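Undergrad: So you can see what is in the structure, the chains are spelled out below.
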Amino acid sequence: MADDGTSTALVKRLRDGLRLVSTVAQSFAETTSDYRRLLDVIARNIAEAIPDTCIVLLRSGEMLNIVAIHDGTPSAGPRVRRTTRGGTPVREATISADVLANGPLFMPRIDYARLRTQMIAESVDQLEASQTTGMLVVPLGARGELHGVVWVLRHGTQHPPLDELDLEIVRDLANHAALAISNARLFSDLQRSEQLRAAEERAVQASRLVDAIIENIPDMVFVKDADKLAFVRLNRAGEDLLGLSRDQLIGKTDFDFFPASEAEFFVAKDRETLASTVVVDIAEEPIHTPRGTRWLHTKKVPLLDATGRPAYLLGISHDITERKQAIADLSAAKAATDDANRELESFSYSVAHDLRTPLRAIDGFSLALVEDYGDRLDVEGQRYLARIRDAAQRMAELIDDLLTLSRVTRSELRRERVDLSALAHTVLGALQRLEPERRVEIVIAPGLHAHADPQLAAIALDNLLGNAWKFTSRRADARIELGRLPGDAATTYFVRDNGAGFDMTYGDKLFGVFQRLHPETEFPGTGIGLATVARITQRHRGRIWADGRPGAGATFYFTLMESHA
Amino acid sequence: MHERVIVLVEDNANDEELTLRAFRKSNILNRVVVVRDGAEALDYFFLRGAHAGRSPGEIAQVVLLDLKLPKIDGLDVLRALRADERTRLIPIVILTSSAEDQDLMRGYGLGANSYVRKPVDFNQFVDAVRQLGLYWLVINQAAPV
Numbered sequence: 001m002a003d004d005g006t007s008t009a010l011v012k013r014l015r016d017g018l019r020l021v022s023t024v025a026q027s028f029a030e031t032t033s034d035y036r037r038l039l040d041v042i043a044r045n046i047a048e049a050i051p052d053t054c055i056v057l058l059r060s061g062e063m064l065n066i067v068a069i070h071d072g073t074p075s076a077g078p079r080v081r082r083t084t085r086g087g088t089p090v091r092e093a094t095i096s097a098d099v100l101a102n103g104p105l106f107m108p109r110i111d112y113a114r115l116r117t118q119m120i121a122e123s124v125d126q127l128e129a130s131q132t133t134g135m136l137v138v139p140l141g142a143r144g145e146l147h148g149v150v151w152v153l154r155h156g157t158q159h160p161p162l163d164e165l166d167l168e169i170v171r172d173l174a175n176h177a178a179l180a181i182s183n184a185r186l187f188s189d190l191q192r193s194e195q196l197r198a199a200e201e202r203a204v205q206a207s208r209l210v211d212a213i214i215e216n217i218p219d220m221v222f223v224k225d226a227d228k229l230a231f232v233r234l235n236r237a238g239e240d241l242l243g244l245s246r247d248q249l250i251g252k253t254d255f256d257f258f259p260a261s262e263a264e265f266f267v268a269k270d271r272e273t274l275a276s277t278v279v280v281d282i283a284e285e286p287i288h289t290p291r292g293t294r295w296l297h298t299k300k301v302p303l304l305d306a307t308g309r310p311a312y313l314l315g316i317s318h319d320i321t322e323r324k325q326a327i328a329d330l331s332a333a334k335a336a337t338d339d340a341n342r343e344l345e346s347f348s349y350s351v352a353h354d355l356r357t358p359l360r361a362i363d364g365f366s367l368a369l370v371e372d373y374g375d376r377l378d379v380e381g382q383r384y385l386a387r388i389r390d391a392a393q394r395m396a397e398l399i400d401d402l403l404t405l406s407r408v409t410r411s412e413l414r415r416e417r418v419d420l421s422a423l424a425h426t427v428l429g430a431l432q433r434l435e436p437e438r439r440v441e442i443v444i445a446p447g448l449h450a451h452a453d454p455q456l457a458a459i460a461l462d463n464l465l466g467n468a469w470k471f472t473s474r475r476a477d478a479r480i481e482l483g484r485l486p487g488d489a490a491t492t493y494f495v496r497d498n499g500a501g502f503d504m505t506y507g508d509k510l511f512g513v514f515q516r517l518h519p520e521t522e523f524p525g526t527g528i529g530l531a532t533v534a535r536i537t538q539r540h541r542g543r544i545w546a547d548g549r550p551g552a553g554a555t556f557y558f559t560l561m562e563s564h565a
Numbered sequence: 566m567h568e569r570v571i572v573l574v575e576d577n578a579n580d581e582e583l584t585l586r587a588f589r590k591s592n593i594l595n596r597v598v599v600v601r602d603g604a605e606a607l608d609y610f611f612l613r614g615a616h617a618g619r620s621p622g623e624i625a626q627v628v629l630l631d632l633k634l635p636k637i638d639g640l641d642v643l644r645a646l647r648a649d650e651r652t653r654l655i656p657i658v659i660l661t662s663s664a665e666d667q668d669l670m671r672g673y674g675l676g677a678n679s680y681v682r683k684p685v686d687f688n689q690f691v692d693a694v695r696q697l698g699l700y701w702l703v704i705n706q707a708a709p710v
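Here the protein sequences line up with chains A and B, keeping their order. Numbers 1 to 565, taken from our numbering, label the letters of the first sequence in order. Numbers 566 to 710, taken from our numbering, label the letters of the second sequence in order.
Hints listed in this document are in silico derivations from the structure and should not be mistaken for laboratory results. Because the structure is a prediction, the values reported are computed rather than measured. All residues carry an ideal CB built from backbone N, CA and C; glycine is no exception.
Quick partial rundown of chain A residues pointing at chain B, CB under 10 Å, derived from the structure: (1) S348; (2) L355; (3) L359; (4) G364; (5) E371; (6) A396; (7) D400.
Can you build the whole structure from these sequences, using the hints too?
TA: Shown next as structure tokens:
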């Protein structure tokens, strides 16, 4: 009944083999890319079914790499040396190469003597050393591609030798595996090319954006190669500035377009930039263009390659011609203003000297006439001479006031801490000494300080308090007050009196030169004082304004600082 | 024998006459030597040109110096007088129409003893001249000659 036993065993092996093939086939059908894990599963299943050692090698270029290795009889110990883990080259006269070239190799009983005549000793030695008695090597091939080989090894004599059925099962599994590998690789190629295409698309878009940015920068942008300094790029602003299209420019150098001296300057700066490998800033350089010479502010930047050597030169040029012109115009205007100021100064000086001299003669000789010939003049004649002297002295006052106004306008402003309260006491004290008979109630807020020019502040208070003194001259209960308004960002000071006041209708005339709101006979004055005060507040970036009513006094408000309110 | 004189450096005839009148009215009786431009002033002090023959015994008790003068202006006259050993101690009063700060500063800077602005009002002018005369001719002790 030995035959029956053999048949039963055979049927079991067939059934096992079929199950194995179907399991593996199904697994492969479900897989797409992770075929390496499945090769591992195959190797394990084969190793268990045979049961002995199974090795799967995959080809990658000219190398064969072990991707799966399983021993069906682990108890037998390591029979395959795993020194080939890093991969071996596909060489002629190795067993794997032979199988890849000529198809399956099936040796149920290895005849080492014969094998040595066919294969190189090294691979045979290895087999013999691991007491391999039989082997079965099939290629992993599908759709004309050879992906690798599957080795099945029989060691010792514990198990029956490998037979045709083993060959069939392994070959079948190898075919399935090869197909799966082909599919997976196809899929991955497809995926990779899809990724590649997307990456390309992104790169194109990014490059388009960079192009658009460079193209639309309103300054000239150019790039030259580091070697010949030939143009490789120019943006639209550059085309407009140079009056050249990029097609005309690219590939050429500065010497093809600009006068030699200009080109030499540009190239020298280019070389300097490339040699120093830092940004070089050229504050201004002239350039010849169809619109005449333009002035540029240029920055030159070395563009380095991966090794740190300059490969290109990037230039960015801002056209400063208009700005330069504006600066030149401005300094010309300033020179003219300075000239005018100097002229004004010498004019003022002459006014002081030359106009006063004849006045002194008019006054002096009028007085001499009165003194020496008074007895021959009647009262009317004496009165006329008195009027001549009055007029001369008044004109002298006018000249002095005009000189003060001009000095206030052109003198340098030097701010320091000024005690306005003390200043007001001084001014009013002097006025009181001139007219000791007058009784005026004086109210000066203590501790009023300003950050102002002391001389100009004194002139301002002199005028404002002098006015208040003058316009209260007809009141028995005269009152003059200096104070500050509470809670202002820019301190507002005020001078208030209860004098003649003024009609607000004419308020805007108060601060003009020679503007007077009262007849000379009523209150004397030149009409320059408030104009001078207004000029002083202006020089301090402050303001002045007034409030008043005829017969009810006036209040003058002023600031000596810029107000941001 | 020394004679103490007042030297008036003044180019304007009106001012000259008024100044002399002011001296008279102030009872200042010293002789007044009038020179009419800066060059003549220097000639007088250094006994040159038209003044080469003047008596070296004339001693200037005070010099009234205008600033705006023909040929050599007042500040240059002042500078020249202060630079010379013979004249560096003579009292010099700047008498001028200008009240410009810079003229004042320059005048004192160059060694003027006093700076007086000529007032337009003749009465004030007489006052000023009287005080000047009183101070420089009577009160002030001049450096010994």
